[in-house]
Structures are given as C-alpha cells and as structure tokens.
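So the sequence lines, in the order shown, correspond to chains R and G.
For the first sequence, position 63 (counting from the first letter as 1) is numbered 105 according to this note's numbering, and the numbering increases by one without interruption.
For the second sequence, position 95 (counting from the first letter as 1) is numbered 137 according to this note's numbering, and the numbering increases by one without interruption.
Hints were generated in silico from the structure; no laboratory data involved.
A hint or two may mislead.
Repeated chains share a single entry, so a pair holds when one copy, or any two copies, can fit it.
What the hints assert, rightly or not - Below, computed lysine-lysine pairings styled on DSS-like, alpha-carbon distance capped at 27 Å:
{"#": "1", "residue 1": "Lys-124", "residue 2": "Lys-269"}
{"#": "2", "residue 1": "Lys-232", "residue 2": "Lys-83"}
{"#": "3", "residue 1": "Lys-184", "residue 2": "Lys-232"}
{"#": "4", "residue 1": "Lys-83", "residue 2": "Lys-282"}
{"#": "5", "residue 1": "Lys-160", "residue 2": "Lys-232"}
{"#": "6", "residue 1": "Lys-145", "residue 2": "Lys-215"}
{"#": "7", "residue 1": "Lys-158", "residue 2": "Lys-291"}
{"#": "8", "residue 1": "Lys-124", "residue 2": "Lys-185"}
{"#": "9", "residue 1": "Lys-185", "residue 2": "Lys-145"}
{"#": "10", "residue 1": "Lys-145", "residue 2": "Lys-282"}
{"#": "11", "residue 1": "Lys-274", "residue 2": "Lys-232"}
{"#": "12", "residue 1": "Lys-83", "residue 2": "Lys-215"}
{"#": "13", "residue 1": "Lys-185", "residue 2": "Lys-269"}
{"#": "14", "residue 1": "Lys-124", "residue 2": "Lys-232"}
{"#": "15", "residue 1": "Lys-83", "residue 2": "Lys-134"}
{"#": "16", "residue 1": "Lys-83", "residue 2": "Lys-274"}
{"#": "17", "residue 1": "Lys-83", "residue 2": "Lys-193"}
{"#": "18", "residue 1": "Lys-193", "residue 2": "Lys-158"}
{"#": "19", "residue 1": "Lys-124", "residue 2": "Lys-193"}
Quantities reported herein were computed from a predicted structural model and do not represent experimental measurements.
Number of protein chains: 2
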Amino acid sequence: MTFDIQRWAVKIEYDGTGLVGWQRQDNGLSVQQILEEAACKLCNSHFTINSITAGRTDAGVHALGQVAHLDFPAYFPSTANKIRDGLNYYMKPHAVTILQASKVNLEWNARFSATKRKYLYIILNRPSRPTLNTNHVWHVRKKLNVESMHKAAQTLLGNHDFTSFRATACQAKSPIRILDRFEVYQIEDKIFFEAEARSFLHHQVRNMVGTLKMIGDGYWPVNQAYKILEGKNRRLAGIKAPATGLFLKEIIYPNNPFTEQLPNPEIIL
Amino acid sequence: MTFDIQRWAVKIEYDGTGLVGWQRQDNGLSVQQILEEAACKLCNSHFTINSITAGRTDAGVHALGQVAHLDFPAYFPSTANKIRDGLNYYMKPHAVTILQASKVNLEWNARFSATKRKYLYIILNRPSRPTLNTNHVWHVRKKLNVESMHKAAQTLLGNHDFTSFRATACQAKSPIRILDRFEVYQIEDKIFFEAEARSFLHHQVRNMVGTLKMIGDGYWPVNQAYKILEGKNRRLAGIKAPATGLFLKEIIYPNNPFTEQLPNPEIIL
C-alpha cells in the first residue's frame, strides 16, 4: 500500500547521554526511535514514519544541529510550527528537541543533499573534575599544548586515505575523505576542536582528537599525526576520544531549508 | 578545647541541581555539608571543620566561582594542590569541585573581605525545549525584547532601597544596596544577565530578572522597573525567576588569594 507523502526537514538538538546513538538498536533507546515514534503519534499513523538523517551519531554523542527528513502522509494538515511543536510534545521527556522544521520537495534528502558536516569536540583541560558539563566534555587533567595540537591538525587537512583514523567496523566503501578544516583553540579551561568535511568515516573525529591529545600532552611530537596518516593502519593511531565530548554541530546544504526565518508570531515581537 | 589553625581559601564550582543550596539544612544535602565533610575526612579530624562562604546560594543555584574559607588544624601538612585534590577526592561523586586553593592569613575572611559579588543569569529564549542545559537555564518560549530589558536594568543601577526585589524572608538589616552593573545581552538563543554589587539581598537577582522578563515580553513598559523600585513593596515586582538559570560567577577581593598561579607540575608543561 502506498500513499502520497509530504517531506519535512527538521533541525534537531539532543543530549546523547544514555541513548544508543542516532540509529535504532535492540539494546536501548535511540534518537531515531524517539523521533519516529513521535511522528507516528503526531499524525496518528498506523504505519512507521521513517526518518533519514545527515549524520548517524554514536552512543553518547550530542547534536546542536542534526538534520533529518521525515515523510508524512500528504493528508496530514501541517505547518512548520505544528511539526516542530507537535514532535517536541510527543518527544517529551527525552532530551531531544526540534529547533526548526521546513517543508522540502521529495528530491531533497537530509543525507545525500548534505555537502558538509561540522563536528565540535570539547576537552575540559584542568585538574578539577567537571561539575556543570560532566557528560559534555572529555576531562583531561594534564595541561595540553594547544599550539602543538593545532599544528598537527593542519597536517591532516586535504584529500587523504584516513584508514588510520577509521573504526574497524566502518562500513564506508572508501577510506578516502577530504578534511576541509580542523581548528584547535582554547577558551578558559576548555579546548575546542572544530572539524569540517563533506563526510567523515566512522569514529574519524574521535580518533583524530585522541591522537591530537597524545601530541598535546607531549607523548608524541607534532609530526606524528601525519606519520600515522601515512601509515594507513588503525593500530598506529592514538586512543579514541570518548563520546561525551563530541557534538554534531551543523550540516551544510547548498539548498538550505532552514535559512528562512519561520513565520512564528510568538517569536517575532 | 582549641588548637592552632591554618586558613585556606578555596574557589568552588558546583551544579546546584538537587542540592538544598549552600547552607546546611535538615531536608537535604548542601554544598556546605559536602565540603565540610570532605575537609574532615581529608585531615582525619574528629571535630567539624567549619566553612565560611562569600555567597549563600539557594537551592538549585549554581556556582562558577564561589569562594569559601576553611580552618584546618595547624598540624595537618598541606599544600595548595593537596587541599584541592584531597577535597575533590572526598567530595566525589557530588557535582562540587575545588578549582583552586590558597593559604590565607587568619584575618582574611571569604565573606567579609569580599568587595564585590558577580552573578550571571541565563534565559534560553526559543520555542524548543532545552536538551543540553535543562537545569542551567530558565526556558522562556516567547521572544523577549533584549534592548528593553537592558534599558530597564540600567534604571536600577546605583544606591537604592531594594525592598521591592527582596525576599520576604530576607534577614539583611538594611534593604539599601548599591547595584554597580546590570547588563543584558543575547548570544544566539540565550539571553545573559550580569549583575554586580558589593552584596545582594535575598533573591534580589532572581526578582530583578523576573521583573525584566515581564518587561521583555511586553507585559510592562521599560519604566515599570524603576516604578517598582520606587514603590518599595515586594508585591509590586514581577515573578521570581527560577533558580536553575542563576550562577554565582565570581567574588572580588582587594587582596585576591587566587591571582597567583598555583605551582602545579601537572598543569605546567
């Protein structure tokens, strides 16, 4: 059985703590399940409403601007605010929220239309334990050299075989990726890593940050990052940085469905 | 019985969620109890080690830079790092951490030596629920006018009788305070309120923010804040902003015990 559909793009923020990640799993609750179940409740559908996402984040990873699309039955009368507020209502009390919704045409695809993914990683670099952001940082006690890490990050830019920074379980056909930007900078006791590419391999950002951390703490010299890249062997690289510090920050689309301010009488004075 | 003492100033960060506030209470766990019990365990004292704090925050209120002093027995061999790391060890797993410790002379007093208190209040101003900072903001759905709130805040600056913004349970002898600074500004979907004064009345910051919010959402005109101040009656003012959005940010001392970088081989590369 088929029915006419309408496609909606949604921008999503979530706290990945306690979730099994984006994708549905048997062993726990996923963002996908929370979102799709809310969508079914919202339009009272007997059929599963499937979502396609731009970035399948791992367990414990957070998102500031994840994007997905959902196909609702065409007969469901909806507006951008109804989709946003309705999904948010049914996703309660989970720490997942729709920031914006935008109707898109059926050719638009949250995964395949995306031209860039931006990730943010945060290390809390101080002797004292975190209190206000325990699940949102990697706590590293030893003082890290930010300049060394930034220099090393620059050696990874460009078109490379990233086999050394790829999870062994990675399902991508090719280990070749183009890393467009990888900045490391410090604000007070936090060190920020910002990585941008059209797409990343599984665990690539966390594996790169783990290697940079071992350069920052003096275990390895700055040029070790490039040596590891050239070695094309996962066992050469550093540890995998924990999920807690990773945020999917933004997805870039040539035809961005979220540029237009949504008409919302409540938020325009 | 008396013994010789050594006095230590400590800078403390905490998440107030689930705590009854700074001060010991019968009905739950306080920051003071967590800190003092850790101090007793650290120096294996049979006597209670009392702490004096610069700002007795309420239940649910957080701190980025709370300051207290503790008197340890003089015989206890201690260094700044031992005090910091030792207290942090015994305060686990509570969301309270010592950022710095500094030995001070017996005339120095965390409460009475302080010349300025700085508070920060955060409103998350967007239609969508918070996910990553649920307990660290006041979530206001309706779009607030930041410029109006900032203008209104400026009318409260200076030496005034703040009776209208004072909790009925406030124990201060005088309702007169000098408000030195009160800035309101927005970064993305958050509105920040920064208030500075030598000292504040009980609930003063939260009551002022609650009134500004009612100006920001158009319920009251900008000049209502000053009218309320002049009325000297708590019932004239707006609602009390929730504790979740409030942070004790910094305590200023003419003789700042924390200026000196602590000698810490771990944090200096």
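Hints and how they fare:
In the homo-oligomer, the alpha carbons of Lys-124 and Lys-269 never lie at most 27 Å apart, since the shortest distance is 52 Å inside one protomer and 40 Å across protomers. In this assembly of identical chains, the alpha carbons of Lys-232 and Lys-83 never lie at most 27 Å apart, being 40 Å within a copy and 31 Å across copies at closest. In the homo-oligomer, the alpha carbons of Lys-184 and Lys-232 lie at most 27 Å apart inside one protomer (13 Å), although the nearest pairing across protomers, at 32 Å, exceeds that limit. When the C-alpha separation of Lys-83 and Lys-282 is checked against a cutoff of 27 Å, the pair qualifies neither within a copy, at 38 Å, nor between copies, at 36 Å.
For a Cα distance limit of 27 Å, the shortest separation of Lys-160 from Lys-232 qualifies both inside one copy, at 19 Å, and across copies, at 21 Å. When the C-alpha separation of Lys-145 and Lys-215 is checked against a cutoff of 27 Å, the pair qualifies neither within a copy, at 32 Å, nor between copies, at 60 Å. In the homo-oligomer, the alpha carbons of Lys-158 and Lys-291 lie at most 27 Å apart inside one protomer (11 Å), although the nearest pairing across protomers, at 37 Å, exceeds that limit. Within a single copy, Lys-124 and Lys-185 get their C-alpha atoms only as close as 48 Å, which misses the 27 Å cut-off; across copies the closest is 18 Å, which meets it.
When the C-alpha separation of Lys-185 and Lys-145 is checked against a cutoff of 27 Å, the pair qualifies only between copies, where the shortest distance is 23 Å, while the shortest distance within a copy is 47 Å. In this assembly of identical chains, the alpha carbons of Lys-145 and Lys-282 never lie at most 27 Å apart, being 38 Å within a copy and 39 Å across copies at closest. In the homo-oligomer, the alpha carbons of Lys-274 and Lys-232 never lie at most 27 Å apart, since the shortest distance is 31 Å inside one protomer and 43 Å across protomers. For the homomeric pair Lys-83 and Lys-215, neither the shortest alpha-carbon distance inside one copy (37 Å) nor that between copies (57 Å) is at most 27 Å.
For the identical chains of this complex, Lys-185 and Lys-269 are intra-copy neighbours only, at 24 Å inside a copy versus 51 Å across copies, given an alpha-carbon limit of 27 Å. Proximity of Lys-124 to Lys-232 under the C-alpha cut-off of 27 Å is restricted to the inter-copy arrangement: shortest distance 23 Å between copies versus 38 Å within a copy. Proximity of Lys-83 to Lys-134 under the C-alpha cut-off of 27 Å is restricted to the intra-copy arrangement: shortest distance 12 Å within a copy versus 42 Å between copies. In this assembly of identical chains, Lys-83 and Lys-274 lie within 27 Å of each other by CA distance neither inside one copy nor across copies; the values are 47 Å within and 51 Å between.
Within a single copy, Lys-83 and Lys-193 get their C-alpha atoms no closer than 50 Å, and across copies no closer than 45 Å, so neither meets the 27 Å cut-off. For the identical chains of this complex, Lys-193 and Lys-158 are intra-copy neighbours only, at 23 Å inside a copy versus 41 Å across copies, given an alpha-carbon limit of 27 Å. Taking CA atoms no more than 27 Å apart as the test, Lys-124 paired with Lys-193 passes in neither setting, with 47 Å inside one copy and 34 Å between copies.
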